[in-house]
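S.K.: Sequence:
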Amino acid sequence: MAYKQGIPLLEAFEEGKDHQSDEEDSEDESPFTPDAVKIKASKGRLGSEFCTWKHWLFLGLVTMIVLVILLLAVTLPFALIQEKPTGATTPQPTATPLPTVLPVTKSPHDSRDYGYFTLDNGLRVLLVSDNETQLSAAAMDVAVGSFSDPPSHLGLAHFCEHMLFYASDKYPQEGAYSDYLSRHGGYDNAYTSTENTNYFFRVGSEYLHEALDRFAQFFISPILSQSGVSREVNAVDSEHRKNLQDDGWRLWQLLKHISNPYHPFHQFNTGDLETLDKPDVLSALKDFYYKYYSANQMQLVIYGKEDLVTLSQYTVSMFSSIRNNNASRVRYLNTSFSPPFNGKIVYYVPVADVHMITMYWQVMPLKEKYREKIASILSQLLGHEGTGSPLHYLKKQQWAISISAGTEFSADSYTVLGIYITLTQSGLAHSKEVIGTVMQYIKLLQGLTEQQWRQQWNDYVDVAIVNFNFSSKISPDKYTSNLASTMRTVKSPRDFLGSPQRYIFNHTLISAVVSSLSPSTPIIFVGSHNLSNPQTSTVNLPLPGSLSSTEPIYGTKYDVEPVSSQLVSDWLQYSVVLQELSLPKQNEFIPRDFVILETSTATNQPMKADPVDDGYSVWWQQDKQFLQPKLNLVCNIYSPISKKAINDPRWTALTELYANIVLASLNPLVYPATLLDYSVSVKAVPHGLNIAINGYSDSTVMNKIIELVVNAMTNDTLLSNPEIFSLTLESMTDALSNYNFTALPYHYIYQYIQSVVMDRPMWKKWQLLNALQDFNVSEVLSHKASLLESATLLCLVHGNVDKTQAIRYGHSFFTVLSSSTMIDPTGTLAPRRRILLSPGNYSVIVPALNPMDHNSVINVVFQIGVGCNVTTLNNGLHVCTNSSLKRTAIVSLLTLQIQQSCFDVLRTKQQLGYVAYCTLRTNNNVLSFQILVQSGTYNASLLLERIDQFLKDSLQNVTEFLTSSTSNFESLVQIYHEVLRRKDLSLSDVTARLWNQIDTGLNQFNYKQQLETALQYIQPNELIQFYKDYILDSGRAKKLVVAAYGKDKKETLNSYISNELDYTRMDPSTISYP
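First residue of the sequence shown? That's 2 in our numbering, and the numbers climb one at a time after it.
Hint data in this document are derived by calculation from the structure and do not stem from the laboratory. Incorrect hints may appear among the rest.
Lysine-lysine pairs mimicking DSS-like chemistry, simulated, CA-CA at most 25 Å apart [stated by the list, open to error]:
(1) Lys644 with Lys479
(2) Lys644 with Lys766
(3) Lys645 with Lys765
(4) Lys684 with Lys397
(5) Lys479 with Lys306
(6) Lys397 with Lys586
(7) Lys492 with Lys474
(8) Lys887 with Lys1009
(9) Lys107 with Lys474
(10) Lys684 with Lys586
(11) Lys1029 with Lys953
(12) Lys107 with Lys625
(13) Lys705 with Lys804
(14) Lys171 with Lys292
(15) Lys1048 with Lys766
(16) Lys345 with Lys397
(17) Lys684 with Lys705
(18) Lys107 with Lys370
(19) Lys684 with Lys645
(20) Lys558 with Lys345
(21) Lys625 with Lys984
(22) Lys558 with Lys684
(23) Lys984 with Lys107
(24) Lys370 with Lys444
Start from the sequences, fold in the hints, and give me the full structure.
M.R.: Shown next, in the form of structure tokens:
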């Protein structure tokens, strides 16, 4: 798999104010120009074809002239970005001339307008006008990061990021910025990287102007006072503590630790109490801020529904006051991994019991060579998973499970390329051959002619142009954040959006980079528990006597050995692999048909397509919102044997093993399709199987993918492949056995424990692990036959597709089933598990899965009730009852009102932990209001005490808010109206929403509209009474506390909670609690 620059380590492990989780560099020129794209004429649309480039040039000139005339009426400077360059310079009717109109090539389907200019203070600005958006956003990228941390205060850049959220001279109330966003359906976040700090937010479009004014104060007059220092130092420390047992963070720090100590990459950049809790930290912070936070080192992106003129007025009025002290961006001309800091093998012991080989090469700087796409094309080749790839060979040998490759890090003076390989136990014992396989593939690349490189380049661009032309919109906050970061290194606005028409084939450069991937110069990390005692390790590489060194920040045990000349010789002589390695063939999944179907007959909701046969049902909806040549297909296979799965974990384990074998056999065949934004999924679900295919609507390509999926599901020869079986079984075993070490504590509590206790018929990880131990191929084949026998099929086909084609797609999967004797599966399937608690207090208390993890987590759950009770009206329509709708609307309003104060009180003011939030969860149509806190410092009892007190205090706050002014309640209701009316950003978002209704059997496709109607009948006092009844009333509330205690924090919660439930005794057949 090829990954975007820095995703495995750098970007995934950037420090952030509130980072809890969270695109690929797919920008590229080929025959797929706009004139190859056709749209069938429909009422109210332009023509029957996209214009040729001449038409586009003409339209671009006309558009530009109109816009220039408009601009002459104002005095605000900005440059409009159009499809084609004009080279024109337009003067202002004042002494200050307008900047030159600068072009950019955007997707022909991108309806948004873009404007670029530079303010007098040096701030570079990109405006995005989207008159359809209901969410607006902005991002500021500042060209300073952890590389600029003074050695006396490591983590200072990250600490500065935290402090800017505190308050400002103009808005001195603490948390006013985040509170404003939260009250208007918004969100904010930030991250600190090595050479930049990125701030971003989103908000309801009606509130962009006020939000921007608050945001601008970060960079004009923030309050950097002592009162906020201790809290934010603790917040930074909490953020660091939550990562101490994370292998990704540990490997990243180990790479830094062995690098050149005279380069800032070597420094610890998150920060903690030891590096920041110092008397002079405030003084150091102010020096840092006023030195580096200069307008000429900032890039601003604003995304709104307003036109460009209005957005430019916002920008000039709000951001012109940012000081410009003509700061120079710090450049580090030395490198991190030049001799003697390369040519090494680093052996280390990870937290999880996994086997990894990670290889890094330092190559020439590529940061400013973004149009050449050198790193991207190398990533695609080295991380390819199709036939002839290194991974394909390693899987055949049963040595590797996965591979990824890409740019790990890019600085002014060098770039680091990385390759990650997850090994099997056998692969660990053949580490030398695994590395040799990679070296031989690099040798193959080094021998390519210019013509061969050009062929690979053309194939790469062919894929990229399709993805670029039909890219889906993403959330505006993510879009602005990405663009602001891009602008830091991409200077020409023509390249901001990454148009493939701007790419440059540079054979000399790519040859030079590939030639520098020498077998004698990498830094190779080999990680495994097997290395705890190197003297008994199975690794066939030169090993140290012991791992005698300890990385000081995370405590990782490691040792370093040089890459010897003998080892280099062994790798280069591993020529047996050459006959197995080859370049990727031309991608056969590139779609050619981009015709958009006539939409005049498209419906507003899915409808059942006419069934061809009993035993399956196909829902279908033609898209008329996004008008892209895309299609989503999702199906459930409901099997009668699912009833057995709730009583025996073997059935669940076998279904998961079968599904994973299907995917493993499919992977080398469909991997080229995934480069084109296709995705294929086959997974086990409680009632059988779920199959999902997303991609372009070209029926030739879609039928080809469906045929491959059907064959993989039914072909016993493929399913009997011993290599695939063994590799899949080991991969599943490793994943289950390492769940304790890979799951984040709060994810473990929220997503796993709670599901076992309340939601889904889910077996525990150890039960599935035990069930996997004695399976063989014949059992999988027998289980497959039972799984598909007398099963039924339910599908949704959604997108650029008509009813006839939708039925054909559904029938293709119907052929998978062994028979069609079942029409109504209701009586033979396992019932949906939905536990409705009786009033009272319940608790589930478990130790942290990782015995070395100091983090404690508590999730307080208040079960509210069924979200939608369906009733039938006199006209035959099925709708949710008014009482269930009202209940859902009330708890949604309360959650909207409380969630920001939850974060502010528990996380910011009380400093309980880095992760703290309140949310409303719906699972299996059951609503629950929840508060979760994770802490590396406090035990679960104290966390529960603080949460309970917060809930009591919130009653007074809610009461005062709702009774002090009727406008408060009206404003809250209006915000929720806006949330409900927000349009989906992509076709996949709509598909997920529709499928949720179909899969649950509710089929309430207008659920949001029903909630809006229910809002009309709610009074403020009902929210207050509801809160008292469902949250605070011990006689009526249904309260479940799910807690995990960290290392050295063993405890009970008996003083707060009764009815402790034995988690270990629960299974999918549990349907109620005493």
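S.K.: It remains to establish, for every hint, whether it holds in the given structure.
M.R.: Comparing the hints with the structure gives:
no.: 1; hint: Lys644 with Lys479; in the structure: 43 Å, violated
no.: 2; hint: Lys644 with Lys766; in the structure: 20 Å, holds
no.: 3; hint: Lys645 with Lys765; in the structure: 16 Å, holds
no.: 4; hint: Lys684 with Lys397; in the structure: 23 Å, holds
no.: 5; hint: Lys479 with Lys306; in the structure: 16 Å, holds
no.: 6; hint: Lys397 with Lys586; in the structure: 19 Å, holds
no.: 7; hint: Lys492 with Lys474; in the structure: 23 Å, holds
no.: 8; hint: Lys887 with Lys1009; in the structure: 12 Å, holds
no.: 9; hint: Lys107 with Lys474; in the structure: 13 Å, holds
no.: 10; hint: Lys684 with Lys586; in the structure: 29 Å, violated
no.: 11; hint: Lys1029 with Lys953; in the structure: 9 Å, holds
no.: 12; hint: Lys107 with Lys625; in the structure: 22 Å, holds
no.: 13; hint: Lys705 with Lys804; in the structure: 19 Å, holds
no.: 14; hint: Lys171 with Lys292; in the structure: 22 Å, holds
no.: 15; hint: Lys1048 with Lys766; in the structure: 21 Å, holds
no.: 16; hint: Lys345 with Lys397; in the structure: 28 Å, violated
no.: 17; hint: Lys684 with Lys705; in the structure: 20 Å, holds
no.: 18; hint: Lys107 with Lys370; in the structure: 20 Å, holds
no.: 19; hint: Lys684 with Lys645; in the structure: 18 Å, holds
no.: 20; hint: Lys558 with Lys345; in the structure: 16 Å, holds
no.: 21; hint: Lys625 with Lys984; in the structure: 13 Å, holds
no.: 22; hint: Lys558 with Lys684; in the structure: 37 Å, violated
no.: 23; hint: Lys984 with Lys107; in the structure: 23 Å, holds
no.: 24; hint: Lys370 with Lys444; in the structure: 24 Å, holds
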